[in-house]
Amino acid sequence: MPKRNDIQKILVIGSGPIVIGQACEFDYSGTQACNALREEGYTVILINSNPATIMTDPEFSDRTYIEPLNVEAVEKIIERERPDALLPTLGGQTSLNLAVDLSKKGILEKYKVELIGAKLDTIEVAEDRELFRNAMKEIGMNVPEGGCVHTLEEAEVLQERIGFPLIIRPAFTLGGIGGSVVYNREEYAQAIQWGLSASPVTEVLVEQSVLGWKEYELEIMRDGADNFVIVCSIENLDPMGIHTGDSVTVAPAQTLTDTEYQALRDAAKKITTRVGVETGGANIQFAVNPENGEMVVIEMNPRVSRSSALASKATGFPIAKIAAKLAAGYRLDEITNDITRQTPACFEPTIDYVVVKIPRWDFEKFPGNDRRLTSQMKSVGEAMGIGRTFKEALGKTLRSLENGWSGFHANGMADYQELTREQLTDDLRFGTPDRLLKLWKAFSIGMTPEELFDITKIDMWFLQNLHQIYEFEVHIRDASKTPEGLTRDTLLRAKKLGFSDKHLGILTGRSELEVRKLRKSFGIVPSYKIVDTCAAEFESFTPYFYSTYDEENESIPSDKKKVIILGGGPNRIGQGIEFDYCCVHGILALKSLGIEAIMINCNPETVSTDYDTADKLYFEPLTYEDVLNIIELEKPEGIIIQFGGQPPLKLAIPLEQSGVPVWGTSPDSIDLAEDRDRFGALLNSLGIPAPQFGTARSIEEAMKVSERIGYPLMVRPSYVLGGRAMEIVYDQSGLKQYMTSAVTASEDHPVLLDRFLENAFEFDVDAICDGENTEICGIMQHIEEAGVHSGDSMAVMPPYLLSMSQQEDLKEYTRQLAKALNVKGLINIQYAIIFDTIYVLEVNPRASRTVPFVSKVTGTPFAKLAVEVMSGKSLAEIGYKFNDRLPYTAVKESVFPFDRFEKADIFLRPEMRSTGEVMGISNNFGASVFKAFQATNVSIPKKGTVFISVNEGDRRRMLPIAQEFDKLGWKIIATQGNAEFMKSRGLPVTPVLKISEGRPNIVDHIKNKEIDLIIKTPLGQRSRTDEYTIGWAAIKSRVAFITTLSAAEAILRGLRTYGRKPFEYRCLQEYYGK
Amino acid sequence: MNQPAKARLVLSDGKVFEGRSLGKTGSTVGEVVFNTAMTGYQEILTDPSYYFQIVTMTYPQIGNYGVNPTDFESRKIYASGFVIREYSPVVSNWQADRSLDEYLKHYGIVGISEIDTRALTRHLRDHGAQMGMITTEDAPVEALLARLQDSPKLVGRNIVQEVSSAEAFDWPLEPAQDDNTDADKDAGKELPYRVAVYDFGIKFSILRILHGLGCRLRVFPAHTPAEEVLAWKPDGIFLSNGPGDPEPVEKAVAAVRQLLGKKPIFGICLGIQILGLALGGKTSKLKFGHHGANHPVKHLPTGKVEITSQNHGFVVDIDSLPKDDIKITHINLNDGTLEGFKHKSLRAFAVQYHPESAPGPHDSHYLFKQFIEDMK
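Protein chains in written order, with our numbering: chain A, 97 to 1170; chain B, 8 to 383.
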């Protein structure tokens, strides 16, 4: 079957904002799919609300809609575009669920849109827990004892039959949201209620838990002719009980005999046929009893998933691309394997290395929450490492995590000194983000792999391998104390076991650089091997490499002019897809300049690590050691560090000191901008105002600074990402508390104190400079006042409250700063305006988080232009000029992971906590705000009930907002103080009880879904507990809430527009006038 | 930290890999081939088709699940040597009863670990499979090469006679001989089909599957004349897999020529080559053979692709078969070589790959059922 000619236009739905459980892997798969479909001559219409994605760049589809992913918007777009088909399997759970809704509402039928990739009944059988269980039983598969329930009563009946512990998994959800393992009745009732509210179809699966069983995943592909292949098997190091997205995973499976593996394969084939995955990829999860090999089916995703992105990177088999082609009618044997160029894609990759993935968490940002890992995913990113053995791959992945770890080693981890054996055992049993290092700790106090198996149920094979690394570490430490010291043989063996130079330095009392020198003096350098899908059976053409300490090197540097781009490493809050977007653009720009683009990165979710993106891809940790090894082999003309965010910046100065030519703005300028004292001096000399500031290396110093500049103060540690530990303190006691409990200030790590500007308007300016001339890329105005991290705030472009003269001043300051910092490339500056004075808050002379948004709004690829500038072109040659007259308005809104953290503070702060962003675009500010809000996946009706709760200081400003709601026909409810205040001003308000005042109180109303919108500003420390409870109730019941009055005002503008007439939906190509 | 003794792998073209001893110390000679299956080393080691071959596993972690009492394909290890990247002394599987190293030692097999198996694979891919020696001896390379030079080669030699059973035997084996036997559970089961099996080095999985489908099996030595086989009154003849070059296995080719048309015939691997030769076809040696569990094979009548287990260094030349009599049923999608054919008028068909897999995917079990149909 060749490709289908009866369809021409295909609608692709993306996955929306980055959230926990659904991250940039769907940009990777979506981009591949769009490319693959267009390659076949189809017209691609794309809808995705996330502007930071590569897939929403206008050149990747014919019609690109950055619009909310809801039925209303998609129907309008279908009506406009009349696609022949809808491909829903590449945009994660979001896209799949939306396709189900569209289908059930008859919209697809009405406009004659065919679902391709997965049919409705396939999706339902796979996603509906009950249908799936029945289907499995029908084909003779074992599933854990249990059933599906839709009410608490049903749940209780079921529980009495099957006992405890139980695992609870809601239907049609992502990342295990609403899922849990419960051990008693009390937990059970709560978990059921939460699960039911998390499931869009109010259905929860309750199953006997198979805690401790070995967990496997198979990534499969199937075409319309029933050809079936397994792309990859994945074994979880953490057994059943911890969400697979939160588990350390290993590919391929390590501890199954062929007979056992083939039994899983046979089962997968049967399941796929029964569920009816017709065309494309899917993944199936199994649990295997380590005692007797008994196997049960856990679940199936009839779509491309996070695991399939990992499997693609792990094997070199481009699942999403092939899935898209299969959906378009091709058969597997009609598609060629890109890597060998001669064999078909209808085969099962075989690999000759081991891949380890370790998740990355950001629990620090959500203090007070239990760090134990559960069946609900909480990690925000992941790193992958490739090595010839598990041990080597593990070492590489551990040092890829960008959290200061240098390998399987926990020496010097302050927290571990006081850890009792009991606590350690307890943490190990449940799993925590540092479980691996705690295993090291356990070995170091003499616990054996056998004991640890009893505690963790981690397979002995993994435990023994970890123990081998530990034992070798002891050997190295001992050997380095002997007269002959660290021998060549020991060092080589250590490298083969995945030890980093840094780790070896710690063990032998040397610096990383000294170990490097010693290693090189022994002639020990890594070799690079190709990821080729076929274990070298066929010649391969795809330049996808990993390092190892085996003999033969397969990476032969070309004699072309080449430049290396350093990627961003694992995603975490503040360091996400935006930086990968810049890297990908950097690659594209280098290629178009005829320069060989070499990418180094270790994040399997990204487009930059698609081997199709760069000319050469090194899937390697972003450490000094690993990066310099590649540089020494490739000898590039330059290296670009300004696109990847924090990880490359950290390396900038050491790499430059090693003689590496850094392209663009010099590392010293970047350092200058980060160094408060140097930067303050520069601002002074330029005469540009900035909030008064000071640096403190102790509490005493901090007090002195505060006396000089006064309160409130914005305080933070130096060199941090995403405003980590950044806070506003209002008085001496606040400062004291911050200095003692939040941070440890020291000589090397001073704390920065800035005068905090209250009620200031904040602006983000992105600009590009060629060393001489500077042009603005975009000016964004934040809707929230200064004090909310720029990564968390709503931003509007063009600004809505900026006079021409202020705009000119912003431009002028930006020019001066870019010039003074000798910027070659991009620069981002945050300004605050208060009473007509413009203050500089922060300067980042590099690509910032806002680059994709600004690029998308203006239709200008700024990261590409930056590379041209770095290559020596002037802005005049490039021909770029700032256009400050956009005929439309775009709004960026942030998305938060509060639904994963029960004790999350829902009020926005200087510390960034959002995981992703969405964009609303239209001709009208109100509509753009409202669309952006809708795109965060909360719905606000035209009319409804609003709960207003503000502190006394906010009451006067709140009044016109409340009046407006009243005018729009909303019912207002409030607790006593606010209610009386509004009533006394003539507003009809329904009073409601506070939590402490009895029942039914506000939380009951929220849970009963009697409230559609919550406007709540912080009431202070004493109300904190109530606020957590209200916030958590709102999150669980999925009620929209707004925590600043400026955002409330913006939403009102949206509501006014929304009430008047339906929104219009246009694609970027139309906005750009192209 | 203690390491095993040093060992070397010397290829006949002079390439040397240094590593560590695995299994027995000493020296061994064979044709060096690579297998790309990620699981199934126990089945591979015990597959008689690997007789006189030194097998390199491209997957680097071997030994992880040890060795168990069921997953074997014959009564001993047939491979003459074993080459891996990293040996796992840790055995982690509920079925395992010993480690791979113990198993290799028990059967006196010399192996080597800690070598760059990918470099070796690439070398074999580019320069072809060749003779090689694994040794823990401290002799100079020249001396080892000279010994390699003098040792027997694979091509043109009838090694089937060295692995074929000396006497006919019935399947299933007694439990004492086969822990995985079906004898107990199938006691009293009806076995309506009598199948005579030519043993060129048969894998037990084939016998297990045929027996499971209702075949009473008698396994005959490779040199058994056709009359003797027919005297047992079989309903069908099965031509087994086996090692080495098919051309010198002349007696079997002659016997099959006689049996053609008399009884339904089904051949696997060496079996297809013997059948091909009996039909007047020619065989030739592949550069580095097919050894793995991921080869796509297209079934031409349906167009469906099967992922197959393969293990052969020789192949029937696709154009050498008599076109009027033979229908090509299967081809390899990687290199277009012949994977299966059937006779247009006589009940005889064969495949080059291993539908019994072990190790490998179970996509092709339908072929055994097809054989049963032929016997009905």
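Please keep in mind that the hints were generated in silico from the structure rather than gathered at the bench. Some hints here could point you the wrong way.
[To be verified] Not everything, but these chain B residues come out facing chain A in the computed CB check (under 10 Å):
no.: 1; residue: 33
no.: 2; residue: 34
no.: 3; residue: 47
no.: 4; residue: 64
no.: 5; residue: 67
no.: 6; residue: 92
no.: 7; residue: 95
no.: 8; residue: 97
no.: 9; residue: 103
no.: 10; residue: 308
no.: 11; residue: 310
no.: 12; residue: 342
no.: 13; residue: 365
no.: 14; residue: 367
no.: 15; residue: 379
Here the structure is a predicted model, which is why all the values come from computation and not from measurement. Cβ atoms here follow ideal geometry from the backbone N, Cα and C, with glycine treated the same way.
Each hint, compared with the structure:
1. 33: Since chain A brings no Cβ nearer than about 24 Å to residue 33 (chain B), farther than 10 Å, the hint is violated.
2. 34: Hint on residue 34 (chain B): violated, closest Cβ of chain A at ~22 Å, above 10 Å.
3. 47: holds (3 Å)
4. 64: holds (9 Å)
5. 67: holds (5 Å)
6. 92: holds (6 Å)
7. 95: holds (7 Å)
8. 97: holds (4 Å)
9. 103: Interface hint status for residue 103 (chain B): holds (8 Å vs cutoff 10 Å).
10. 308: violated (13 Å)
11. 310: Since the shortest Cβ distance to chain A is 6 Å, the answer is holds.
12. 342: Holds, about 8 Å.
13. 365: holds (7 Å)
14. 367: holds (7 Å)
15. 379: Since the shortest Cβ distance to chain A is 20 Å, the answer is violated.
Comparing the model with each earlier hint shows violations of hints 1, 2, 10, 15; every other hint is respected.
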